[in-house]
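J.: Sequence:
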Amino acid sequence: MSPRRSVAETRLTRDRIVERGVAAASVDGLEGLTIGQLAADLGMSKAGVLGHFGSKEALQLALLDAAAAAFARIVWRPAELEPPGLPRLRAVCETWIDYLEHERQIFPGGCLFTTAAIEFDARGGPVRDAVARLHKLWRRRLVAEARTAVATGDLPRGTDPEQVAFELVGLFMALNQEIQLFADPNAAQRTRRALHRLLATAEHQQ
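Residues 237 to 442, numbered by the working numbering, are exactly what the sequence shown covers, in order.
Note that these hints are calculated values from the structure, not bench results.
Keep in mind that a hint or two might mislead.
Distance ranges between label pairs, derived from CB positions [unchecked claim]:
#1 Arg429 to Pro392: 18 to 24 Å
#2 Phe402 to Ala283: 40 to 46 Å
#3 Arg393 to Pro319: 18 to 24 Å
#4 Pro421 to Ala308: 26 to 32 Å
#5 Glu267 to Gly406: 34 to 40 Å
#6 Arg429 to Ser281: 49 to 55 Å
#7 Pro392 to Ala419: 43 to 49 Å
The C-beta atom is built at its ideal place from N, Cα and C for all residues, glycine as well.
Produce the complete structure using the sequences and hints provided.
T.: Shown next, in the form of structure tokens:
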């Protein structure tokens, strides 16, 4: 076997572990994920799984990075093409709803970041720090778009961008719960109604 092929196969195996790990963690949580079950699902030994990461904590961090990349691809990139401010913020909300409703293959247990935020909010350590960092990065992006919407007059003067981002995050955490815990078929539409009130244009609020 050539060194190049060996590296490629190692990378492919690592990617398989991460893909399966993200799906499992969305159901069982990052802490609830067991190396033994993950190894069994993949037809590998526990040592074979851990050999690619070194520790369960390193695996958890790799799963968060992979989930963040998937979230960015599904939620942010399609909306990124819209004009900055309110048009982009509305587009982000639509792709965010679609992500929570339909991305069962990647996240069968719902949004991994929502699960991880609840699971690690009272813990310390690198995984908790990584979860908090990713949530803060996303919230800053929402704040930036809300601030642009205020500057362009699409949201009323005096609107607090931080408050807009705070309420958006709360709405989507609620949406994830309504879908996952209650299987509410009206959850997405309820969210859209709440978004319409929150993101009403300056013209409608004057």
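J.: Just tell me: holds or violated, for the beta carbon distance of Glu267 and Gly406 against 34 to 40 Å?
T.: 24 Å, violated
J.: Does the Cβ distance between Arg393 and Pro319 fall inside 18 to 24 Å?
T.: 19 Å, holds
J.: Starting from the range 49 to 55 Å, see whether the pair Arg429 and Ser281 falls in it by beta-carbon distance.
T.: Roughly 51 Å apart at Cβ, these two residues keep to the hinted range, so it holds.
J.: A range of 40 to 46 Å was offered for this pair. Does it hold for the Cβ distance of Phe402 and Ala283?
T.: 45 Å, holds
J.: Is 18 to 24 Å respected by the C-beta to C-beta distance linking Arg429 and Pro392?
T.: Holds: the Cβ-Cβ distance is about 19 Å, inside 18 to 24 Å.
J.: Holds or violated: 26 to 32 Å for the Cβ distance of Pro421 and Ala308?
T.: Given range 26 to 32 Å: holds, Cβ gap about 28 Å.
J.: Note whether the CB distance of Pro392 and Ala419 lies within 43 to 49 Å or breaks it.
T.: About 36 Å separates the Cβ atoms of Pro392 and Ala419, which means 43 to 49 Å is violated.
Comparing the model with each earlier hint shows violations of hints 5 and 7; every other hint is respected.
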